[in-house]
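K.L.:
Spelled out from the first residue to the last, the chains are:
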Amino acid sequence: MDEQGRQILMMLAEGKITADEAERLINALERQQPELAAGAESRPKARPKYLRVLVEDTSTGDEPSRINIRVPLQLLRAGVRLTSLVPPKAMTKINTELARSGVPIDLSELKPAQLEELIDQLHEVTVDVDGFTSKVQVFCE
Amino acid sequence: MPQLVTVRYRRPDGRWRRLFIPVLLVLVVLLMLSPLLVLAALGGLIVGRVYGYRVSFLGALGGLGQVLWALPGARLEIDDGQTAFLIRVF
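As you go down the protein sequences, you meet chains G and E in turn. Counted the way this note's numbering counts, the first sequence spans residues 1 to 141. Counted the way this note's numbering counts, the second sequence spans residues 142 to 231.
Chain G on its own, in the form it takes in the complex (with noise of 0.2 angstroms):
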């Protein structure tokens, strides 16, 4: 029994409160805590700050090769803003060497909300590959 239950018990034993009075007080307070307790399961969330890469490979000799990365998710929407600075004639020699390596994209189709859209929904990805000798893992944190 939590605190207030007790004090309620209390004031029952001292005689301050009749025995209807406390049983009127301790439903209220049975009604009051699952209310809480939605509250607090229904709150948001925290945003996720970082996105983590981690690499593992035990392919390559004794010790395993390692990758460790933490990338702010604020510092990949500044790289995307930056990539709306890209001049036309550049995008346009990006796109035709996409299109030559078998990636046809049109990267000037790529609209800078579009892409901040992207990064907003990422908390959502997690990538966890597990192979005999390497094991890779992406996720927000």
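Everything labelled a hint here was simulated from the structure, so no lab data went into it. Remember, predicted model here, so these are calculated numbers, not experimental data. Where a beta carbon is used, it is the ideal one built from N, C-alpha and C, also for glycine. Any given hint could be a false lead.
Examples of chain E residues lying across from chain G (beta carbon under 7 angstroms, computed) [unchecked claim]:
#, residue
1, P143
2, A181
3, R190
4, G193
5, V196
6, F198
7, V208
8, G214
9, L217
10, I219
The calculated label-pair distances, taken between Cβ atoms and stated as ranges, are [what the hints assert, rightly or not]:
#, chain 1, residue 1, chain 2, residue 2, range
11, G, I94, E, L186, 19 to 25 angstroms
12, E, T147, G, G5, 47 to 53 angstroms
13, E, W157, G, I94, 36 to 42 angstroms
14, E, T224, G, V136, 15 to 21 angstroms
15, G, V103, E, L145, 25 to 31 angstroms
16, G, V129, E, G193, 39 to 45 angstroms
17, G, L98, E, Y192, 19 to 25 angstroms
18, E, L205, G, P104, 28 to 34 angstroms
19, G, N68, E, G185, 31 to 37 angstroms
Fit chain E to the given chain G structure using the hints.
P.N.:
Chain E in isolation, oriented as in the chain G frame:
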């Protein structure tokens, strides 16, 4: 804005070495080199215009500022055989 960058790397004898780089000190050095940096930026702008690559100077400056401000918390650690280093930005 980042305050401190720590670089930790493994030397060939297997011992680790750690460097603490205060960003303020780097800014002081950049300030001292600012006349050269201004010349380099102007040169870059002129070359860009000659070859048809028009970049907004203010936009680039703002973008770089945003990248710099977003750096704290970044961490890069690579450990692969002889090569091992860790860079952290605070």
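K.L.:
Evaluate each hint against the coordinates.
P.N.:
Results for each hint:
With 7 angstroms as the threshold, the beta carbon of P143/E stays out of range of chain G, its nearest partner Cβ sitting at about 11 angstroms, so the hint is violated. The beta carbon of A181/E comes no nearer than 18 angstroms to any beta carbon in chain G, farther than 7 angstroms, and the hint placing it at the interface is violated. Interface hint status for R190/E: violated, as the beta-carbon distance to the closest one in chain G is roughly 11 angstroms, over 7 angstroms. The beta carbon of G193/E is positioned within 7 angstroms of a beta carbon in chain G (closest approach about 5 angstroms), and the interface hint is therefore held.
Interface restraint check: V196/E against chain G, minimum CB-CB distance 6 angstroms, threshold 7 angstroms, status holds. Taking 7 angstroms as the C-beta contact cut-off toward chain G, the hint placing F198/E at the interface is violated, the least distance being around 10 angstroms. Hint status for V208/E relative to chain G: holds, with the closest Cβ pair at about 4 angstroms, below 7 angstroms. Because the closest C-beta pair between G214/E and chain G is about 5 angstroms apart, less than 7 angstroms, the hint holds.
Below 7 angstroms, beta-carbon pairs count as interface contacts, and L217/E has one with chain G at about 5 angstroms; its hint therefore holds. Of the supplied interface hints, the one on I219/E holds, with its beta-carbon coming within about 5 angstroms of a beta-carbon of chain G, less than 7 angstroms. Distance hint for I94/G and L186/E: a CB-CB separation of about 21 angstroms, consistent with the stated range 19 to 25 angstroms. Range check, T147/E to G5/G: about 52 angstroms between beta-carbon atoms, so the 47 to 53 angstroms window is met.
Judged by the Cβ atoms, the range 36 to 42 angstroms given for W157/E and I94/G holds: they are separated by roughly 40 angstroms. Judged by the Cβ atoms, the range 15 to 21 angstroms given for T224/E and V136/G holds: they are separated by roughly 19 angstroms. In this structure the supplied range 25 to 31 angstroms is violated for V103/G paired with L145/E, their Cβ-Cβ distance being about 39 angstroms. At about 43 angstroms, the beta-carbon gap between V129/G and G193/E stays in the expected band of 39 to 45 angstroms.
The beta-carbon spacing between L98/G and Y192/E, approximately 21 angstroms, falls within the hinted interval of 19 to 25 angstroms. Here the CB-CB span from L205/E to P104/G is close to 31 angstroms, well matched to the stated 28 to 34 angstroms. In this structure the hint that N68/G and G185/E lie 31 to 37 angstroms apart at CB holds, the actual value being about 35 angstroms.
Violation of the numbered hints given earlier is confined to hints 1, 2, 3, 6 and 15; the remaining hints are satisfied by the structure.
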